[in-house]
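Student: Sequence:
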Amino acid sequence: MTTSVFVALDQLRVAVVDDNAYFRRLVRTMLTGLGVRQVVEAATVEEGWQVATQQTPDVLLVDWNLSGQEGGTLLDRIRTHHDLGVATMAVVFVSAHTDKRHVLAAARLGANDFIVKPLSPRVLYERLKRLSTNRIEYVRVGGRLVPGRSAPGRAPAQPTADRRRKAGGGDPGVVFL
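First residue of the sequence shown: 1, per UniProt numbering; consecutive thereafter.
The following label-pair restraints were derived from C-beta to C-beta distances:
#1 R122 <-> G142: 34 to 40 Å
#2 A96 <-> G143: 28 to 34 Å
#3 D83 <-> Q38: 18 to 24 Å
#4 R28 <-> A107: 24 to 30 Å
#5 D76 <-> Q54: 17 to 23 Å
#6 Q55 <-> D76: 17 to 23 Å
#7 G33 <-> T73: 27 to 33 Å
#8 R37 <-> R130: 15 to 21 Å
Keep in mind the hints are simulated off the structure, nothing from the lab. Backbone N, C-alpha and C fix where the C-beta goes; we use that ideal spot for every residue, glycine too.
With these hints in hand, go ahead and build the complete structure from the sequences.
Tutor: In structure tokens form, the structure reads like this:
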């Protein structure tokens with residue numbers, strides 16, 4: 001029998017990176033309505049980078065278009081970071097840019113998921129639940145950690161110190177969370 005470990009949403013730390021203040025507030029309201037207690041907001045790639053490296057949230061919700069910069073730039077910096085707590089955080093794009101080019105770029109850069117705007121609380125809940133109940137294997141590809149596959153089991157969205165400690169041993173090219 002396989003048991004699934006569920007991280008309660010009230011234990012997740014989520015960052016919302018979007019240049020639209022109204023959308024950030026809307027997502028914050030959805031998250032708090034779902035029970036998430038720790039929500040941080042950022043409006044630019046640079047602010048998102050500061051949040052990712054200084055506060056290391058469990059999940060980063062990122063828009064593709066951030067005031068003329070691409071959210072992909074932020075994801076690339078995260079996935080190539082030397083600190084495994086940063087490099088393996090769950091990154092989900094929430095964007096209206098859903099053409100094939102953007103979706104494939106997000107996947108190539110190592111996004112954990114891609115949600116199409118407009119965002120609904122149901123879809124947000126389902127994606128957060130999936131991220132918190134599946135173990136994710138990260139594989140190093142060209143100097144970047146990218147999600148390889150996920151399987152039911154242990155939650156990837158666990159506290160950052162635990163991610164670093166558990167990632168310490170084994171093959172340096174593969175990180176299990």
